[in-house]
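**Student:** The lines below spell out each chain.
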Amino acid sequence: MNVYIVGEDQAAREIIKRLLSFCSDDFNILMELPARGGEIKKMLINYNTLSLKFPVILLMDLDDKDCAPVIINQYFKGNIKNTQFILNIAIDEVEAWLMADRENFANYYRVPITSIPEPKLYRTIKSSFYEMYFPYKSSLFMVKEIIPLSKIKEFKEQMIPSSNAKKGKEYNTALTPFIKNHWNIKNAMNHSDSLYRMINRIKKIVSQYQTL
Amino acid sequence: MIISRLKLYNWKNFQNVDINLTERNFIIGSNASGKSNLFDSLRFLRDISKQAGGLQSAVEIRGGIKKIRCLAARKRSDILVEIDLSDEKSDELLWTYSLNFMHTGGGVIKSEAKILSEKVYDGKEKKWITDRNENSKEEDTETLKYTHLEQVTANKKFREIQLFFQNLEYLNVVPQLVRESSSYNSTKIYEDYFGRNFLERISLINEKTRNAYFRRINSVLKLAVPQLEELQFHKDKMGVPHLEAKYIHWRAKGSKQSEDQFSDGTIRLIGFLWALIDSNGTILLEEPEINLHSEIVKQFPEFISKIQRSKKSVKQVLISTHSYDLLNNKGIGTNEVLVLENSAEGTNVKTINEIEQIKAIIDSGFSIADATIPFTAPKEIHEVNQLNLNFSEQ
Numbered sequence: 001m002n003v004y005i006v007g008e009d010q011a012a013r014e015i016i017k018r019l020l021s022f023c024s025d026d027f028n029i030l031m032e033l034p035a036r037g038g039e040i041k042k043m044l045i046n047y048n049t050l051s052l053k054f055p056v057i058l059l060m061d062l063d064d065k066d067c068a069p070v071i072i073n074q075y076f077k078g079n080i081k082n083t084q085f086i087l088n089i090a091i092d093e094v095e096a097w098l099m100a101d102r103e104n105f106a107n108y109y110r111v112p113i114t115s116i117p118e119p120k121l122y123r124t125i126k127s128s129f130y131e132m133y134f135p136y137k138s139s140l141f142m143v144k145e146i147i148p149l150s151k152i153k154e155f156k157e158q159m160i161p162s163s164n165a166k167k168g169k170e171y172n173t174a175l176t177p178f179i180k181n182h183w184n185i186k187n188a189m190n191h192s193d194s195l196y197r198m199i200n201r202i203k204k205i206v207s208q209y210q211t212l
Numbered sequence: 001m002i003i004s005r006l007k008l009y010n011w012k013n014f015q016n017v018d019i020n021l022t023e024r025n026f027i028i029g030s031n032a033s034g035k036s037n038l039f040d041s042l043r044f045l046r047d048i049s050k051q052a053g054g055l056q057s058a059v060e061i062r063g064g065i066k067k068i069r070c071l072a073a074r075k076r077s078d079i080l081v082e083i084d085l086s087d088e089k090s091d092e093l094l095w096t097y098s099l100n101f102m103h104t105g106g107g108v109i110k111s112e113a114k115i116l117s118e119k120v121y122d123g124k125e126k127k128w129i130t131d132r133n134e135n136s137k138e139e140d141t142e143t144l145k146y147t148h149l150e151q152v153t154a155n156k157k158f159r160e161i162q163l164f165f166q167n168l169e170y171l172n173v174v175p176q177l178v179r180e181s182s183s184y185n186s187t188k189i190y191e192d193y194f195g196r197n198f199l200e201r202i203s204l205i206n207e208k209t210r211n212a213y214f215r216r217i218n219s220v221l222k223l224a225v226p227q228l229e230e231l232q233f234h235k236d237k238m239g240v241p242h243l244e245a246k247y248i249h250w251r252a253k254g255s256k257q258s259e260d261q262f263s264d265g266t267i268r269l270i271g272f273l274w275a276l277i278d279s280n281g282t283i284l285l286e287e288p289e290i291n292l293h294s295e296i297v298k299q300f301p302e303f304i305s306k307i308q309r310s311k312k313s314v315k316q317v318l319i320s321t322h323s324y325d326l327l328n329n330k331g332i333g334t335n336e337v338l339v340l341e342n343s344a345e346g347t348n349v350k351t352i353n354e355i356e357q358i359k360a361i362i363d364s365g366f367s368i369a370d371a372t373i374p375f376t377a378p379k380e381i382h383e384v385n386q387l388n389l390n391f392s393e394q
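Keeping their order, the protein sequence lines are chains A and B. Residue 93 in my numbering sits at position 93 of the first sequence; the count goes up by one each step and never skips. Residue 28 in my numbering sits at position 28 of the second sequence; the count goes up by one each step and never skips.
These are computed hints drawn from the structure, not numbers from a lab. Please note that a few of the clues may not be correct.
Below, in silico cross-link-like pairs of lysine-lysine (DSSO-like), each with a Cα-Cα straight-line distance of 30 Å or less [to be verified]:
no.	chain 1	residue 1	chain 2	residue 2
1	A	166	B	379
2	A	156	A	180
3	B	256	A	53
4	B	359	A	169
5	A	137	A	120
6	A	204	A	166
7	B	253	A	77
8	B	126	A	42
9	B	379	A	156
10	B	379	A	53
11	B	298	A	167
12	A	17	B	350
Whole structure, please, built from the sequences with the hints as guidance.
**Tutor:** Right under this line is the structure:
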């Protein structure tokens with residue numbers, strides 16, 4: 001099954017790839033988009049059109065000032081989202097999904113498990129679910145509060161930002177092996193409802209294709 | 001007249017390609033996909049056509065047939081280069097030139113190229129006017145060493161093709177070589193691949209024309225490199241040609257700089273502009289974006305089109321590029337882009353309309369850059385940061 005994947009950075013794209021292979025063996029990634037980052041939200045309508053041809057799986061983070069429905073209204077301009085377009089605008093960043101697998105994350109990066117916040121139980125009228133909660137941006141929290149506690153010097157050197165950089169010098173390099181080889185999606189799903197819903201959306205596309 | 005079609009068989013990494021070209025063409029592909037080799041097939045015809053050129057020398061410059069022949073070739077060991085020349089406005093086919101040759105000799109016998117067939121089709125007369133092949137009675141081992149294209153008596157009826165290729169311009173200025181004055185004249189006998197003789201080429205043009213060229217270049221430089229003014233040409237006491245410009249700084253008059261002090265980007269830009277201004281036919285530009293600021297590169301597609309429109313002699317431009325900024329121009333048509341794609345059977349050349357996953361992206365409103373850069377990127381390139389390079393072992 002041919003799909004395009006869209007992610008802001010390498011980590012996001014690796015996460016999509018892991019999620020796809022978790023859901024099915026049949027995915028074939030046609031291309032990893034965009035060619036340049038930063039413009040994803042402005043191009044949402046184009047990705048929507050593109051998904052008419054082949055499914056598009058998109059993962060983007062929200063800036064602090066935005067909220068998902070506002071973005072969708074602003075950039076979809078009244079158009080209807082195609083069923084083949086999996087648009088995942090993460091309330092918190094995708095890093096939260098990685099840390100949702102608390103045990104493996106702590107084990108791999110050699111940090112105390114207690115440094116990773118425990119998932120919070122949320123209750124709504126219809127249901128209750130667990131979601132990771134971070135006092136501030138999950139990726140920042142990770143490199144400021146969690147990784148500095150690592151027993152492995154290399155991770156600290158790779159991931160902790162110097163001066164005003166937003167990420168560590170080898171942030172993607174340090175994150176990728178965990179995403180690819182150590183991240184237990186089932187475990188993470190139990191702690192993060194947003195990840196659980198993302199998986200379900202991908203599975204839905206798979207079943208649509210299987211029934212075709 | 002432009003090259004409207006290029007057909008290659010066994011040429012370097014192209015085992016079998018047949019492509020259509022237009023007035024402006026963007027050639028894209030990953031590293032080592034063969035962009036330069038594609039250009040080289042046209043430069044090969046130029047090397048045959050130029051004065052003191054010819055087939056044997058064109059083959060020799062390239063290190064012999066073995067270096068030209070496609071490594072992916074299975075059965076046939078012959079090479080074919082065929083082009084159509086058409087009128088750029090009416091699309092009318094004017095000429096087809098086809099050259100098929102192979103290696104002969106080896107051991108104690110001199111290695112040479114042997115012509116298997118050479119054919120010329122006259123589009124106006126609508127017939128083949130030359131059709132030589134190795135079985136013709138008139139041919140022998142000696143005549144089959146020389147193309148009719150390179151011989152002025154034999155190409156009388158199709159001299160236009162020879163002149164066309166003599167005028168083919170290829171410029172890939174390497175700033176380091178332009179600066180290196182000790183290498184001056186050292187490559188005179190061969191084609192000037194990397195602009196070593198760039199300054200000498202400038203010196204060969206008559207002064208009035210040269211001044212007019214420099215006026216145009218200066219007007220562009222003023223915008224692109226504002227701290228440089230009054231680019232000029234002069235020869236030193238030894239007769240070696242130089243470029244000179246005024247470098248503006250806090251002193252009221254600034255100070256003079258010559259090309260050995262120019263930045264890489266400045267030299268590349270001057271070379272690029274010179275090629276466009278001096279061109280008289282088809283021009284091949286190899287990665288013009290190198291060393292240049294992205295905002296300058298962004299202007300290239302429109303700038304080239306503008307020059308083509310206003311200077312009628314720049315009939316055709318072929319540009320190889322990796323640049324997102326260059327390809328992000330919305331005015332680039334899908335028929336102007338050729339995508340080189342590696343395969344086990346050599347490199348394929350496809351148009352955007354032939355690659356479904358690229359076409360779908362462009363049809364959805366994205367630019368050529370958005371669709372093609374991810375396609376031509378090496379699939380596993382991100383893995384480079386996961387490599388264990390074992391520096392501690394040394």
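**Student:** Quick check: which numbered hints come out false for this structure?
**Tutor:** 3, 4, 6, 7, 8
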